[in-house]
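Listed below, chain by chain, are the residues.
Number of protein chains: 2
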Amino acid sequence: MKPLDRTRGVVEMAHGGGGRAMARLIESIFLTSFANPLLNQRNDQACFAVEKGRLAMTTDSYVIQPLFFPGGDIGALSVHGTVNDLAMAGAVPLHLSAGFILEEGLPLADLARLVDSMGQAARAAGVAIVTGDTKVVEKGKGDGVFITTTGIGIIPDGVAPSGERARPGDAILLSGTLGDHGVAVMSRRENLSFETAILSDCASLHGLVAAMVAVAPDLHVLRDPTRGGLAATLNEIAQQSGVGMELVETAIPVKAQVRAACELLGLDPLNVANEGKLVAIVAPKDAERVLAAMQAHPLGRDAARIGTVIEDADRFVVLKTGFGGTRMVDWLAGEQLPRIC
Amino acid sequence: MKPLDRTRGVVEMAHGGGGRAMARLIESIFLTSFANPLLNQRNDQACFAVEKGRLAMTTDSYVIQPLFFPGGDIGALSVHGTVNDLAMAGAVPLHLSAGFILEEGLPLADLARLVDSMGQAARAAGVAIVTGDTKVVEKGKGDGVFITTTGIGIIPDGVAPSGERARPGDAILLSGTLGDHGVAVMSRRENLSFETAILSDCASLHGLVAAMVAVAPDLHVLRDPTRGGLAATLNEIAQQSGVGMELVETAIPVKAQVRAACELLGLDPLNVANEGKLVAIVAPKDAERVLAAMQAHPLGRDAARIGTVIEDADRFVVLKTGFGGTRMVDWLAGEQLPRIC
Numbered sequence: 288m289k290p291l292d293r294t295r296g297v298v299e300m301a302h303g304g305g306g307r308a309m310a311r312l313i314e315s316i317f318l319t320s321f322a323n324p325l326l327n328q329r330n331d332q333a334c335f336a337v338e339k340g341r342l343a344m345t346t347d348s349y350v351i352q353p354l355f356f357p358g359g360d361i362g363a364l365s366v367h368g369t370v371n372d373l374a375m376a377g378a379v380p381l382h383l384s385a386g387f388i389l390e391e392g393l394p395l396a397d398l399a400r401l402v403d404s405m406g407q408a409a410r411a412a413g414v415a416i417v418t419g420d421t422k423v424v425e426k427g428k429g430d431g432v433f434i435t436t437t438g439i440g441i442i443p444d445g446v447a448p449s450g451e452r453a454r455p456g457d458a459i460l461l462s463g464t465l466g467d468h469g470v471a472v473m474s475r476r477e478n479l480s481f482e483t484a485i486l487s488d489c490a491s492l493h494g495l496v497a498a499m500v501a502v503a504p505d506l507h508v509l510r511d512p513t514r515g516g517l518a519a520t521l522n523e524i525a526q527q528s529g530v531g532m533e534l535v536e537t538a539i540p541v542k543a544q545v546r547a548a549c550e551l552l553g554l555d556p557l558n559v560a561n562e563g564k565l566v567a568i569v570a571p572k573d574a575e576r577v578l579a580a581m582q583a584h585p586l587g588r589d590a591a592r593i594g595t596v597i598e599d600a601d602r603f604v605v606l607k608t609g610f611g612g613t614r615m616v617d618w619l620a621g622e623q624l625p626r627i628c
Numbered sequence: 288m289k290p291l292d293r294t295r296g297v298v299e300m301a302h303g304g305g306g307r308a309m310a311r312l313i314e315s316i317f318l319t320s321f322a323n324p325l326l327n328q329r330n331d332q333a334c335f336a337v338e339k340g341r342l343a344m345t346t347d348s349y350v351i352q353p354l355f356f357p358g359g360d361i362g363a364l365s366v367h368g369t370v371n372d373l374a375m376a377g378a379v380p381l382h383l384s385a386g387f388i389l390e391e392g393l394p395l396a397d398l399a400r401l402v403d404s405m406g407q408a409a410r411a412a413g414v415a416i417v418t419g420d421t422k423v424v425e426k427g428k429g430d431g432v433f434i435t436t437t438g439i440g441i442i443p444d445g446v447a448p449s450g451e452r453a454r455p456g457d458a459i460l461l462s463g464t465l466g467d468h469g470v471a472v473m474s475r476r477e478n479l480s481f482e483t484a485i486l487s488d489c490a491s492l493h494g495l496v497a498a499m500v501a502v503a504p505d506l507h508v509l510r511d512p513t514r515g516g517l518a519a520t521l522n523e524i525a526q527q528s529g530v531g532m533e534l535v536e537t538a539i540p541v542k543a544q545v546r547a548a549c550e551l552l553g554l555d556p557l558n559v560a561n562e563g564k565l566v567a568i569v570a571p572k573d574a575e576r577v578l579a580a581m582q583a584h585p586l587g588r589d590a591a592r593i594g595t596v597i598e599d600a601d602r603f604v605v606l607k608t609g610f611g612g613t614r615m616v617d618w619l620a621g622e623q624l625p626r627i628c
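Line by line, the protein sequences give chains A and B. Take any residue in the first sequence, count from 1 to its spot, add 287: that is its number in the working numbering. Take any residue in the second sequence, count from 1 to its spot, add 287: that is its number in the working numbering.
Just so you know, the hints here were simulated from the structure itself, not pulled from any lab data. Possibly wrong hints are sitting among the right ones.
[Unchecked claim] Non-contacting residues of chain A with respect to chain B, defined by C-beta distances greater than 10 Å in every case (computed):
{"#": "1", "residue": "318"}
{"#": "2", "residue": "322"}
{"#": "3", "residue": "399"}
{"#": "4", "residue": "476"}
{"#": "5", "residue": "503"}
{"#": "6", "residue": "540"}
{"#": "7", "residue": "600"}
[Said to hold, decoys possible] In silico EDC-like links for lysine to aspartate or glutamate, alpha-carbon gap of 16 Å or less:
{"#": "8", "chain 1": "A", "residue 1": "289", "chain 2": "A", "residue 2": "314"}
{"#": "9", "chain 1": "B", "residue 1": "428", "chain 2": "A", "residue 2": "598"}
{"#": "10", "chain 1": "A", "residue 1": "428", "chain 2": "B", "residue 2": "425"}
{"#": "11", "chain 1": "A", "residue 1": "428", "chain 2": "B", "residue 2": "390"}
{"#": "12", "chain 1": "A", "residue 1": "428", "chain 2": "B", "residue 2": "391"}
{"#": "13", "chain 1": "B", "residue 1": "572", "chain 2": "B", "residue 2": "477"}
{"#": "14", "chain 1": "B", "residue 1": "607", "chain 2": "B", "residue 2": "536"}
{"#": "15", "chain 1": "B", "residue 1": "426", "chain 2": "A", "residue 2": "390"}
{"#": "16", "chain 1": "A", "residue 1": "289", "chain 2": "A", "residue 2": "299"}
{"#": "17", "chain 1": "B", "residue 1": "426", "chain 2": "B", "residue 2": "403"}
{"#": "18", "chain 1": "B", "residue 1": "426", "chain 2": "A", "residue 2": "425"}
{"#": "19", "chain 1": "A", "residue 1": "426", "chain 2": "B", "residue 2": "390"}
{"#": "20", "chain 1": "B", "residue 1": "428", "chain 2": "A", "residue 2": "314"}
{"#": "21", "chain 1": "B", "residue 1": "428", "chain 2": "A", "residue 2": "391"}
{"#": "22", "chain 1": "B", "residue 1": "428", "chain 2": "B", "residue 2": "299"}
Glycine residues also receive a C-beta, built at the ideal position from the N, C-alpha and C atoms.
One chain only, chain A, in its complex shape (with noise of 0.2 Å):
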């Protein structure tokens, strides 16, 4: 059987067979870039001991398109933002698995880069991929690569944030400008290009989170606004909580060159996706002190506090624009930007 050709191999039939070939794709890309001792043992699952306490558990099925985009590619994107489903329980990160559907045909290199990062984004925040399965389909019947990672986490004692828990009166705080994944994707989609280079927020949060917790542990609702942006995240937890929300448009942080490639595309900010950024939703009393916790921290920098939880019986969330008019901010049926995570 012919090496492995990193450079210039592509991923064939055979290396998802379960066969010698994909022992080796495994070894010669896998085993290098997440080589942890759970993973190393090669069985078909990870063991390991827990205390005894409350766990997350959480799966992401990452198909975006491209696969390397401004400011990440899919590797990183698929542990972000398991990492961040994670966070939003307030979980502190503990294993990932990864599953992998690779399309024939697909350049061993590209494969490796985005694996080494996914490696590298794992390692940042702390977490092993401690199990994972290889497929792969015919030419035509994926599209490059797919993968699905499921994390589990460790929920502190005395922290569950939930969408039910939001509560007339309650602050809603954004962590940070909004719409730069979906832009940064979408530009790079298009070939369109900007004055200054919009990048992907693509991070892991659990680290802004348990500054959070630091100051505050009874969040009530933490949630990132992934897939149909805050707006959908927004009306979700309203549905959940059976509560209304107002928020107010200057309030809300979007970067200028976002807001003008936004408005290029005809797109609105609000319902555009974000991979680093997340709400949180605190008691009065929380407010101030959660705010400066999350401004104090990198990814925080540019928190504000954007609106306030209302009573509702229609769970409308609705702005107040910068020219003192309401609007509603609905929630698309579908979504401006397929494939965007």
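Given chain A's structure and the hints, the job is docking chain B onto it.
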């Protein structure tokens, strides 16, 4: 927005957009089939209490074609396969997550059918699908549906099967007939029909494992011979443990019609995938007891002792043939049957 037509509708890009169309798909199809308290909370993660102990975590992506095959479908398979990888650690399955990558145009009736089958398999196995994710890719960028499931389970004290624990003298036990799954799928794919229908053996094996652990907790190795078949599984274990293996051909159970189909298709049953069988490697003193426990369980009725672990620096797996000769059981480079799981 038009209501979801479960009879004549198809998956649309909007169903993956994170908006209202996706929420409706999830409510109408996933929540109805998977209903359980953790999933019903509709957060981006499931949170639950665990006791101090050891956990197993495993993941698999399922890309099988066709989606529906004699004896099962991709939905049921995605539960059985992952439950089995937990069971092979001796773990009692606890929770599953599920990530769906849907191709635009997939009939909703097919999706509903396979999701329902998945829910049934999970309930039968006593596990809940507690969190999930849905993505949609354009027509021609996927293949109907890909499912990635991740499972976590609890490993009882004193149970620690692992691929590197095979020792010379250990008995090699197989829980039943080889090749049923691969031949069932292949016959459907090739539109072959046989006198007797050949059905996939796909089944959850944690109950069988529990019966084995009850009589001999210290099983050395447990593994399910899926992709690559028994040949790949035993070669992997031989590598991990640094041992050889000697199998007795006449002791390996294969159904007559599966053997005939393999001859027709040019396949060796030792290389064909199984989805409801396990290999156990146990200390000589435990062999009889474990074999009896297997044969007393409905999923181990045809269990047999098929060989013995031997010392061999070359880590070869050899087969004593019915004619008194010996042949190497080779590990194929790729796979005879792509997309079998």
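Each hint tested on the structure:
{"no.": "1", "hint": "318", "result": "holds (14 Å)"}
{"no.": "2", "hint": "322", "result": "holds (17 Å)"}
{"no.": "3", "hint": "399", "result": "holds (19 Å)"}
{"no.": "4", "hint": "476", "result": "holds (13 Å)"}
{"no.": "5", "hint": "503", "result": "holds (19 Å)"}
{"no.": "6", "hint": "540", "result": "holds (21 Å)"}
{"no.": "7", "hint": "600", "result": "holds (19 Å)"}
{"no.": "8", "hint": "A:289 - A:314", "result": "holds (15 Å)"}
{"no.": "9", "hint": "B:428 - A:598", "result": "violated (44 Å)"}
{"no.": "10", "hint": "A:428 - B:425", "result": "holds (11 Å)"}
{"no.": "11", "hint": "A:428 - B:390", "result": "holds (10 Å)"}
{"no.": "12", "hint": "A:428 - B:391", "result": "holds (12 Å)"}
{"no.": "13", "hint": "B:572 - B:477", "result": "violated (45 Å)"}
{"no.": "14", "hint": "B:607 - B:536", "result": "holds (6 Å)"}
{"no.": "15", "hint": "B:426 - A:390", "result": "holds (15 Å)"}
{"no.": "16", "hint": "A:289 - A:299", "result": "holds (12 Å)"}
{"no.": "17", "hint": "B:426 - B:403", "result": "violated (23 Å)"}
{"no.": "18", "hint": "B:426 - A:425", "result": "holds (15 Å)"}
{"no.": "19", "hint": "A:426 - B:390", "result": "holds (15 Å)"}
{"no.": "20", "hint": "B:428 - A:314", "result": "violated (28 Å)"}
{"no.": "21", "hint": "B:428 - A:391", "result": "holds (12 Å)"}
{"no.": "22", "hint": "B:428 - B:299", "result": "holds (13 Å)"}
Checked against the numbered hints above, the structure violates hints 9, 13, 17, 20; every other hint is satisfied.
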